[in-house]
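With chain V fixed as given, assemble chain H onto it according to the hints.
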Amino acid sequence: MSHDMSDDKLPQAHAAGEGHGEAAVADNPFADPGLPPHEPRRTDIDERAAKRAERQVSLLFIVSMLATVGFIASYVSIDADRIVYIFPLGHISALNFALGMTLGVALFCIGAGAVHWARTLMSDVELPAERHAIEADDETRADVIEQFKTGAAESGFGRRKMIRNTLIGSMALVPLSGVMLLRDLGPLPEKKLDVTGWNEATPNAPIRLVNMNTNEPMKAEDIAVGSLTFAKPGPSALRPAGLQESDEDFQEAIAKDALMLIRIQPNDIKDADSAALGFEGVLAYSKICTHVGCPISLYEQQTHHALCPCHQSTFDLSDGARVIFGPAGHPLPQLKIVTDASGYLVAPGGFEHPVGPSFWERSE
Amino acid sequence: MKKLSARRRHPLAALVVLLFALAAIGGLYAEFAPAENAQADSSAQSLAIDEGKRLFAVGCSSCHGLNGEGSSTGPSLVGVGSAAVDFQVGTGRMPAQQPGAQIPKKKNIYSQSDIDAMAAFVASLGPGPVTPTKDQYTSTETDAISKGGELFRTNCSQCHNFAGAGGALTQGKFAPSLENVDPKHIYEAMQTGPQNMPSFPDTTMPEKQKQEIVAFVRYQANEAPNPGGLSLGSLGPVTEGLFGWIFGLGVLIAIAIWVAAHTTKAKKS
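Listed in order, the protein sequences are those of chains V and H.
The first sequence maps to residues 1 to 364 in this note's numbering.
The second sequence maps to residues 365 to 633 in this note's numbering.
Think of the hints as simulated: they come from the structure by calculation, not from any bench.
Think about it this way: if two alpha-carbon atoms lie no more than 25 Å apart in a straight line, the pair counts; the simulated SDA-like pairs of lysine to any residue are:
no., chain 1, residue 1, chain 2, residue 2
1, H, K629, V, H38
2, H, K511, V, E248
3, H, K537, V, R322
4, H, K632, V, A53
5, H, K537, V, G226
6, H, K632, V, V125
7, H, K537, V, I264
8, H, K632, V, S123
9, H, K629, V, D44
10, H, K629, V, D46
11, V, K219, V, A341
12, H, K548, H, Q409
13, H, K631, V, E47
14, V, K219, H, E571
This is chain V alone, in the form it adopts within the complex (with noise of 0.2 Å):
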């Protein structure tokens, strides 16, 4: 075991017991001890202790067995929507709670009887080994330089100038193939940033303004002066029946065109553009954060701020959405809402500013 182990490196506990210690302290204090004497575990000794360490590792090798059978069993055997009440849980999905029991205890099992393998009967005898040079020896990197050079010499790579500038030209137009890809990514947004389902609204074909709960037109005096109501597009020329939840992009088109709605005393309005857009004290914003668009609808009817539980950026509502607090850049892009002839919340047109979180080319 030692055959690479200079002598200085052996034990020096048995040099101290023979009563020469104090020499060697005065020779060389900071002299390294080496390594303990190796001591020999229970299973080293007792064939019956490593008898016993065998079966414990086996046995939970067998453990982790049963556990996966028992993963496999439950997932075949147990209904995804049973429920079972297991203390100190509570009423637990059965299948989650065995799916992560027997994977569990599968994994453990194994990671364990590993552990106890090593622990008990893997060889347990220390080895030291010495670190050596990286670097290489004089005469080998002569050697490898001598072979460069005679390589370079025999290409021609220097003589041959055609060669070397088409290979250079080959390997620069390489990448491109890469940055090609990149077109991918597209294609590019064009207007959609800048346009929501309110841009399909005209003054002479608005757009009613629908409430998410009722799914059906709202007046004004139905706006009650602290209430929060969430809107979204009625009837229009592209969307006959009005924006619908079964529509196939309505995750798409509401993540643009959700509006706020809020009613504040008209004198209490400290922005007049705000209040211009708005109907008789009813506002509408959009509900989708200026910083990174979260929904943003966290309303404090006394202090009109409207709060995003993303990144704590602030809107005071009664100042054009004026940003009070946070990462967010913009304030929150109003609607202007009038009535109909008959008397119904609408929008004349679309968002005067992109909703959303600013890009590049976004118009101010």
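Okay, now just chain H, sitting in the frame of chain V:
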């Protein structure tokens, strides 16, 4: 008649005619005026208002004014309705202990009849949302919970969390947890919009939808199973991560230390 006619130019004739006319109108009024008004003072409603006014003067008027007109420390209560009183006093939020970002709920010190009396008094100040009856906030529909869940996620979950566990707002305000809240109080909160909560009036959220939301919140708090095991407060990734890192990783470290601390050598040192 002749005698009467002869005196028609007497200086006091106009006065006499005026007296007769007043007497006639008074008599007619007494005959035709609605009888209820005259009796109202002794009705139960009126007694409740009187009793409420007395309780209000003791418990509420220092901030809200003797007639609920409001002051620099408390808003006007004209038009808040009986539902607002029933919610605020019934949940112990009012009378407030001290001013602050938000008045928290605490132990209610009034009996229900006292609250009803104060509610009657405040309702008499101006029309507002009326305290709901039990069938107004109890849904009998079988699909109420699932519909209520959808409405809850649209209207409520942004502040109160997807499981109704509550959440933080700006500058020390918060949306309270909805666990163990009386169904009546959930309904009243939606009607009246207490403190900074926006209201959800019947015009934008009909009574039936409020019932469905109440049904969902009660189900979520009491019966909803938790398929993943411990809910850890249903607060999402923050508590789950904290639990995983501290408890999960802690157990692994403890096992590693235990393994290393137990030698397998025959001669224990």
